[in-house]
Amino acid sequence: SAAGKYTIGISNTVQGNGWREEMICAMKAQALASGEVAKLNIAHRNTDAAGQLEDIRNLISAKVDAIVVNPADPAGIKSGLEEATKAGIVVVAVDQAVTEPSAYIISNNQEQYAYLGAKWLFQQMGGKGEVLYMRGAAGASADSDRDKGFKQALAEFPDVKVAQEVFTGWQQDQAKQQILSFLATGTPINGIWTSGIDNVIVDALVEQQAPMVPVVGADNAGFVGQLNTVKDLVGAAVTNPGSIGGAGVTLALQILDGKKPAQQTVLVEPQLWENATDEGKAKVKTAADPSLSPEWPVSISIPDWTTYTKDQIVACKGPGE
Amino acid sequence: MTRFLRNQGWVAGLLALLIFLFVVTRLIQPGYGSGDFGSLVRAVLPYAFAVAAQTVVVIAGGIDLSVAAMMALTSVTAASMMNGASEEYAFFVVPFVLAMGLVLGALNGLLIVVTRVPDIVVTLATLFVLQGAALLVLDAPGGAAAEWLKATVVGTMPIPGLPDWTDAWVPKALVLLVVCLFVVWLPLRRSRLGLSIYAIGSNELAAFRSGVPVARTRIFAYALSGLFAALGGLSLTISTGIGAPIPGPYLLASVAAVVLGGVALGGGKGGLLGPIIAVFVLRLVRTDLTLLAIDPNVTTIIEGAIMVAVVMFGAFITIRGRPAGATP
Amino acid sequence: MITNPLLDAMGVAKNYGAVAALRNASLSVLPGEVHALMGANGAGKSTLVKILTGAIRSDAGHVLIRGEARDVRSPAAARRAGLLPVYQEPALIPDLDVLSNLRLTGTPVEPFRAWVRELGIPNLDIRETARHIPLAVLRVLDLARALAVEPDVLLLDEMTAALPANLAEKVLEVVRRQGDSGRSVIFISHRFVEISALCDRATVLRDGVTVGVVDIEPGVEEKIVEMMLGARIEKTSVAAARMANETPAAKDSHPRLAVRNLQLGTKLHDVSFDLANGEVAGVVALEGQGQDELFAALAGSIRPAGGTIAVDGAPIKFSHPSDAIRAGIAYVPGDRTEALAMQRSVRENIALPFSAAPRKWGPIRVRRERMVVSSAIARLQIDTRAQGEVQRLSGGNQQKVTIARWIAADARTILCFDPTRGIDVGTKQEIYKLLRELAGLGKSVLFYTSELEEVQRVCDRVIVIFGGRVVDTFPVELADEPALMRAAYGLPRGAREDVGILADIRPASDTETAP
Amino acid sequence: MTTSATMPQAASFGGRLKRFMADRPLIPLVILLVILVMILQILRPGIVNERWIANTAKFAIPLAILAGCQTMTMLTGGIDLSVGTVATMSAFIMATQIVNQDPAVAFVLAMLPAVLIGLVNGVGVGVFRVHPLIMTLGTSLIGTGFLQVYQRTVIASGARIPDFLNWLGTGLTYGFPNALFLFVPVAVLIVFTLNRTGFGRLLYAVGDNERAARLSGVRYWQVITALYVISSLLAGITGLLYIGLIKAPSLSLAEPLVLPSVAAAVIGGTSIFGGRGGYMGTIIGALILTVLTTLLTILHMPEGGRRILFGFIVLFVTAAYLRIIEDR
Ligand SMILES: Nc1ncnc2c1ncn2[C@@H]1O[C@H](COP(=O)(O)OP(=O)(O)OP(=O)(O)O)[C@@H](O)[C@H]1O
Ligand SMILES: Nc1ncnc2c1ncn2[C@@H]1O[C@H](COP(=O)(O)OP(=O)(O)OP(=O)(O)O)[C@@H](O)[C@H]1O
Ligand SMILES: [Mg+2]
Ligand SMILES: [Mg+2]
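Chains as they are written, first to last, in the working numbering: chain C, 1 to 321; chain V, 1001 to 1328; chain R, 2001 to 2515; chain H, 3001 to 3328.
Don't read these hints as lab results, they were simulated from the structure. Where a beta carbon is used, it is the ideal one built from N, C-alpha and C, also for glycine. Hints may contain errors.
[Claimed, not checked] Coverage of chain V stretches by chain H, computed from C-beta distances (three or more under 8 Å per stretch; other residues unrestricted):
| id | segment |
| --- | --- |
| 1 | 1107-1118 |
| 2 | 1290-1300 |
[What the hints assert, rightly or not] In the EDC-like style, the derived pairs of lysine to aspartate or glutamate whose C-alpha atoms are separated by at most 20 Å in a straight line are:
| id | chain 1 | residue 1 | chain 2 | residue 2 |
| --- | --- | --- | --- | --- |
| 3 | R | Lys2360 | H | Glu3210 |
| 4 | C | Lys161 | C | Glu130 |
| 5 | C | Lys86 | V | Asp1036 |
| 6 | R | Lys2428 | R | Glu2454 |
| 7 | C | Lys151 | V | Asp1139 |
| 8 | R | Lys2360 | R | Asp2410 |
| 9 | H | Lys3018 | R | Asp2059 |
| 10 | R | Lys2428 | R | Glu2226 |
| 11 | C | Lys63 | V | Asp1295 |
| 12 | V | Lys1150 | C | Glu82 |
| 13 | V | Lys1150 | C | Glu83 |
| 14 | C | Lys39 | V | Asp1295 |
| 15 | C | Lys285 | C | Asp232 |
| 16 | C | Lys259 | C | Asp65 |
| 17 | C | Lys231 | H | Asp3163 |
| 18 | C | Lys63 | C | Asp257 |
| 19 | R | Lys2170 | R | Glu2481 |
| 20 | C | Lys317 | V | Asp1295 |
| 21 | V | Lys1172 | C | Asp232 |
| 22 | C | Lys148 | V | Asp1139 |
| 23 | C | Lys63 | V | Asp1036 |
Just need the whole structure built from these sequences, with the hints factored in.
Rendered as structure tokens:
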């Protein structure tokens, strides 16, 4: 099947997290579906910007045609990307932006992601009350982008107060312990905003028989399932498709084929699926996909950008495998 | 000769392994050249400083869980100080950050000496403290680095007296590494202070009874570790141009390279050269795995297996190599 | 003429929790004097030395050095004050070579080399790592290192205990000369011969209290023993015990242990001998003649390159000490740090062999164990005040624990490598008696000792090893000290000539053993 | 040494109290725990209620069992860094296999990698003498790799948490967490093993002085192999319990517990150099860490400040504990 002509390098710096696993699978599936890729060269491990620079330089040594990268930091890998461009390699950053001007960017709009969910939540709360703000990993750039969006929404609702701000570190167990500790304090809250560690929060509310409050999460299969099934749960899932990886591969191939997009930057706007209205409920129902691993986002494809089938992404096989 | 082999055999073996890996790399990618070697050295830089920091305290019989956090703190400090500042300001920032590493390292040592809490707990605690401090300095990756600093690790350095073709094979980063580590380490190792570090790691009681100022030596070892960690932090800022408050994977890597490098956890044995070569080996393995385009999940398996296999092999030859009738 | 003491300690006390290591100790040393510090195991001798040299802090007491009150807070400070100790445990850094060890302590190298030669080690490799140097040599190096800086007061804690006769002799010579040249020496030893040959005066400690200072003169031994042991005196003639116990052991067709042509690298050549049931066989050898390796091989610690070992007539291959133990052979190493889990209790240390085999990994039968262990403790008179951790016992009591273990396990053959190293006179007698009793019960003992006089007291037969070969075997009646000394140096005994051939002859040991 | 010579007096009350504590090191540890709980109650009056206690226990139990693995391995001078991976593997395999398999079969499949990794660890450490840290780090990398490869084969089939594990992980009986049904027997077994069985005794002996143990007839590899298999089995069981508690199978489920498990054991008084320590202290160490996490969660302060505080409290607790039990 490896009839394609290109070798594409991939660099990713978070391993063992459902979202990133889906991203990698989307890249593989898209490379396979496009028929244009002979080989994928994937550097996928837990590391920092310096480690990603190492991976990028190794990919340059391997003489790939394009590099699709989910940057550990927008500015931190600038020099590596610059070297890649100089070596004639097409560079596409997915998920987050990079500062290197020669790179193409296709990303989820993290600020908008947070803004959209927070705004919906504050409206649900009637524009007032206390919100539990469960962030991601302290010091991560995606987290600080989302914080900007959240703060922007917060500024629009002066009567909404942050009851407690915690960092879950994007870890399920930590988040669960934090929510249980918080519930034990008996502090009344009117809503919970999570940075994608969502289903354990709903679980905790159910287990503790705590009053249900609106919860905002991401479009992870587990949480979307809960929006359908958990009694009294009002909530919203904001899409943050891991399949952006597949879109990145598509963009890289377009550029290699000489079909450059008009702009360096393409933003995939998030959507919000809520179960507060009947219309929304129907949407959530169709979105739900209990067959997926609960940590995988259900939006496994992006219209216009990915061409693989569900079976292909779930099989998670790239060209030549 | 036999003693040389007993003392240095491990390092020599590692060096042979490294050369073997270079040959393998050339076979995989015939175009692998001086530029790629430069990339390798740049990748090695932060790991090398981290492992140097770890080595010093391990030789002194301790362990430093705070190396990576110390690197993060010094890195964000440097990056935020240089952010928007003039190029010359960096001349002040570098010594400031190094002094900061030295003082914070000494503080680690002081806490261990004063509280008498085991090293592993004290440095675990300071891991959190330093990480917290890094987050207070910068709550997300950011900052900047002076251009001249960034230039110190880019490109090569002609060494006078060597034939021209070698120039391309002497990356500036390598010169920086050698100068920073061995200029400090080599004279120290032969000095009484250096011997004291080995002594307290080998047998603290015997060292005390030999008149070694144990507490002072321990504090010094941690201070030196802090200095190396600060160099590591600086090298992160220099290579990425930013500072990141979340530490990279340098802690476990440093411990692994220390053991791979023939330094006994528990103290008293080994040197700096072995662990540094071990770092090169580990980085080059990563390069080869990328060049071979191996499935990333399998690379994890391979990296783990190589680590275990090398140490297992080492243990095996030491067991076999022991002459039949020799007693300790 | 009244000279002022060089070192004067008064009212020194030290408590370890509930254990009073020292209660009221005093010690006064004159210039140019070799001063013995004596006391039973656990009397507090080592503790006093550690306090005088700043290795530990005392709870109470004054120390005057040259008439001035000095607060010696660390070994380094003691060095500056001219006090240099050689502790009971080696103080060389195991992972540094000898040269680095010297540099670490700022010891001049040339004087050190000179002392080492003088102390009977002609060809020391100064680049050797301390860890690879045998214990006895390490002790000597420790001494040479102290001598090289020409201290005013040299404190030697059981310096000779781990030394074979030839090295011990050199040490005594050197120490004697220190006294003559005007320096003072504080000398701790349990060997009266050494004390009377060397010392001018003795301070005697009992239970942490100085009970007297005596001049060393002929016949003072009895008095010292009385002071040391207090109520504990118990005179038994070992010889008498031997006579009493000697029920003629049933002579089996097989010896308990038959060693044939044992070969081990460059260390052992063609070693052959028998060990009968009910026999105590002494091994006599100078330092490094292969006795360590012989014992280690018989204990299953190292694998011999050739030869056979037969137990009760059945040839057996040992690949691990547990094989030897299963065959009823127990090994008491000379270096107690090799035999003890220092942070564990006395009881656990003694009971350790009971749990070794996987089928014994289950629940412990506590009552039975306690019984067996306490009877072994009683038998060896172990001072168990600090029994929670073996490392808190005094050196001699630690040594006793290593033996007690195998008494408790009821081993049939015991390989004792210098078991009385650093054990006080009272207990020594006990151990001699014990070994004889064991023999009387039909057990066999192979006994290496660095104190030649012990051979006469305990053994039935003597096996002499020189250069890795058995050069002579003779009954104890012929083993007076000069004869043993000659034998140890590899010199042929009287009319029984040829060393090489002798090694291969199986002497009719049966006839020789019978007293 | 200038104080006058006095015979030791009958100890003062303070001295007696100190001795009392020193002989029973658990008491001061419990007191420190109680102080932390009291601080929590003062900061958030009413938080310390039945429900909170149950929740704290729920989270402390998996940590305490993993810390039990560390306690036992640390007694022999080792460490088991693979417990996180083993627990994650068991949990993940259980949750994915239960979808199509009989629960008993799923259970066996889930425990299989645990046994395997334990065996490999044991043989590596016991026979080949690989340093435990490297060995277990290596097997945990290898395990993670395999888990990722495995994960790809089951993405389509989804995952389910068996009701029984759900009940065990989150359920309450008369206000007591059901996890206690698992934990109490496990804890009793560990304590009994360490104090009253031959195997436990050998763990201490081997860690204290391996040569002495050898001379007593102990075969090191047997003890070590058994130990690491037991440690892995416990980790596997913890994984099952943990997935019942968290209910979200992920590839890094139990990884965050590894470092705290080491910390709990060390805070509880077990020495990483071997030969010293016990399990009761470890349990309280786990409780202290869990309470501390809660304490920091509810504090209103920037994340950096929280981490700094966490570090200092851990250091302070351990130092205070050592001061109290120290008998010098
Ligand atoms: N660290 C310690 N903790 C508790 N008790 C101790 C400690 N060190 C020594 N002791 C006790 O102090 C007493 C004196 O010990 P010391 O070592 O001074 O005896 P010693 O006279 O040198 O005996 P030996 O002849 O056996 O070497 C002994 O009872 C010993 O158990
Ligand atoms: N747990 C124990 N507590 C106290 N003493 C023990 C214990 N186990 C063994 N012993 C003692 O050790 C000696 C030998 O023990 P035991 O009779 O159990 O050996 P065994 O089962 O015959 O073993 P083997 O077949 O290996 O010789 C006996 O003197 C016994 O009292
Ligand atoms: Mg002593
Ligand atoms: Mg003694």
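The hints, checked one at a time:
{"no.": "1", "hint": "1107-1118", "in the structure": "holds (count 5)"}
{"no.": "2", "hint": "1290-1300", "in the structure": "holds (count 5)"}
{"no.": "3", "hint": "R:Lys2360 to H:Glu3210", "in the structure": "holds, 18 Å"}
{"no.": "4", "hint": "C:Lys161 to C:Glu130", "in the structure": "holds, 5 Å"}
{"no.": "5", "hint": "C:Lys86 to V:Asp1036", "in the structure": "holds, 14 Å"}
{"no.": "6", "hint": "R:Lys2428 to R:Glu2454", "in the structure": "holds, 9 Å"}
{"no.": "7", "hint": "C:Lys151 to V:Asp1139", "in the structure": "holds, 15 Å"}
{"no.": "8", "hint": "R:Lys2360 to R:Asp2410", "in the structure": "holds, 16 Å"}
{"no.": "9", "hint": "H:Lys3018 to R:Asp2059", "in the structure": "holds, 17 Å"}
{"no.": "10", "hint": "R:Lys2428 to R:Glu2226", "in the structure": "holds, 15 Å"}
{"no.": "11", "hint": "C:Lys63 to V:Asp1295", "in the structure": "holds, 17 Å"}
{"no.": "12", "hint": "V:Lys1150 to C:Glu82", "in the structure": "holds, 14 Å"}
{"no.": "13", "hint": "V:Lys1150 to C:Glu83", "in the structure": "holds, 14 Å"}
{"no.": "14", "hint": "C:Lys39 to V:Asp1295", "in the structure": "holds, 11 Å"}
{"no.": "15", "hint": "C:Lys285 to C:Asp232", "in the structure": "holds, 16 Å"}
{"no.": "16", "hint": "C:Lys259 to C:Asp65", "in the structure": "holds, 15 Å"}
{"no.": "17", "hint": "C:Lys231 to H:Asp3163", "in the structure": "holds, 19 Å"}
{"no.": "18", "hint": "C:Lys63 to C:Asp257", "in the structure": "holds, 18 Å"}
{"no.": "19", "hint": "R:Lys2170 to R:Glu2481", "in the structure": "holds, 17 Å"}
{"no.": "20", "hint": "C:Lys317 to V:Asp1295", "in the structure": "holds, 10 Å"}
{"no.": "21", "hint": "V:Lys1172 to C:Asp232", "in the structure": "violated, 64 Å"}
{"no.": "22", "hint": "C:Lys148 to V:Asp1139", "in the structure": "holds, 13 Å"}
{"no.": "23", "hint": "C:Lys63 to V:Asp1036", "in the structure": "holds, 11 Å"}
Of the numbered hints listed earlier, the single one contradicted by the structure is hint 21.
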